[in-house]
Each structure stands twice: as C-alpha cells, then as structure tokens.
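**Q** Sequence:
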Amino acid sequence: MSDPKPAPLDRGMFLVEVEDWRTGETFQTLSISRTPAMLLSFAANRFTEAASDYFGERLGLGTVDWRMLLLLARLPGITAAQASKTIGVDKGTVSRSASRLTRRNLITAGELHANGRSRGLYLTQAGRTMHDQILEIAVNQHLELLRGFTPEEARLMADLLRRFTRNLESLVEQDRQQG
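Taken in order, the sequence shown gives residues 1 to 179; the numbers are from this note's numbering.
Calculated directly from the structure, the hints in this document are not laboratory data. Computed from a predicted model, the values in this text were never measured in an experiment. Some hints could be false.
Per label pair, the in silico range of CB-to-CB distance [to be verified]: (1) R58 / G88: 20 to 30 Å; (2) I137 / S33: 27 to 37 Å; (3) P4 / N105: 48 to 58 Å.
From the three backbone atoms N, C-alpha and C, an ideal C-beta is built for every residue, glycine too.
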C-alpha cells in the first residue's frame with residue numbers, strides 16, 4: 001500500500017496583504033514568516049556568515065574551504081567540477097579554494113583522470129587533522145542549532161530539506177530546458 005498523495009499547496013498560504021506607505025493601497029507580497037524558501041534562504045545566509053566568521057578567525061578558512069575539507073573526507077577523489085555541483089558554487093570558486101588548500105598542504109590532487117583534464121582531490125594528513133577540528137566544532141554547532149528538537153524532528157527536517165533540494169534541482173532543470 002502506498003502513502004496517500006499529499007494535498008496540493010495553496011498559493012495563498014505564502015502571501016500576506018501589505019499597505020503601500022505612499023498611497024494606502026493594499027497589495028500582496030510573500031510572507032517572510034510563512035514562505036519556506038525565504039526562511040531557508042535567510043537561515044542559510046546567516047549560518048554561512050556565522051560559520052565563515054568563526055572558521056576564518058580561528059582556522060584561517062573561508063566558507064568554501066571548510067566545506068571542501070568536509071566534502072573530501074566523505075568523497076575522496078572528487079573533482080573540482082563534481083565538488084562545485086555538490087556544494088552549489090561555481091567551479092572557479094572551488095578551484096580557487098583547492099589552490100588555497102593545496103598551498104596550505106591540506107589537500108592534494110591525484111593523477112589525471114581519463115579525460116586528461118581533471119584530477120581527483122584528496123585530504124593530506126594535515127587536511128585530515130584540520131577536518132577533525134572542523135568536525136568537532138560542526139557537530140557541537142549542529143547540536144546547538146537543533147536544541148529543543150527531538151531526534152525524529154531532526155531527521156524529518158533533513159528529509160524535508162533533501163526533498164526541497166530535489167525539487168529545486170527539477171525547477172532549475174526545467175528553467176534550463178525552457179531557455
């Protein structure tokens with residue numbers, strides 16, 4: 001037996017009436033507090049800013065740098081192009097991060113892939129040590145961010161965000177196809 005299909009969303013749930021300060025006319029706009037995409041965007045921006053400040057001041061790492069170290073621990077040998085797609089930033093940004101991390105001896109590039117252009121990226125021992133420092137901080141931050149959540153709520157939130165991301169990828173692909 002399959003799960004019942006969820007009820008369709010109503011566009012009105014995302015809207016709020018506001019008043020034009022000049023004319024007094026009312027019109028609709030997105031509700032900041034009821035629009036998940038806006039809430040997610042605001043939270044992600046704030047989280048990224050706070051994490052960037054924290055890791056920059058303490059470890060000398062930029063936002064993409066610490067994300068790359070965590071990614072390479074999970075996916076050793078990933079290319080810059082693959083990393084770009086996974087973390088959602090352009091390849092140039094990933095390549096600049098890889099150069100910084102290589103200069104600091106935190107990552108190294110493997111042999112050329114069959115295409116003759118790309119190389120897999122790997123943590124060095126120093127990179128693994130840095131990763132372990134980041135991991136300890138990140139886990140503690142996650143525990144604080146999810147304070148008051150039950151384990152089931154934390155799992156549900158992760159599931160909802162994965163579904164949201166899949167829908168976002170579909171939307172991006174539709175936009176690409178429509179040109």
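**Q** For each hint, tell me whether it holds in the structure or not.
**A** Okay, the hints, checked on the actual structure:
1. Evaluation of the 20 to 30 Å hint for R58 and G88 yields a pass: the beta carbon distance comes to about 24 Å.
2. For I137 and S33, the hinted distance range of 27 to 37 Å is satisfied, since their beta carbons lie about 30 Å from each other.
3. The hinted window of 48 to 58 Å between P4 and N105 holds, with their beta carbons roughly 54 Å apart.
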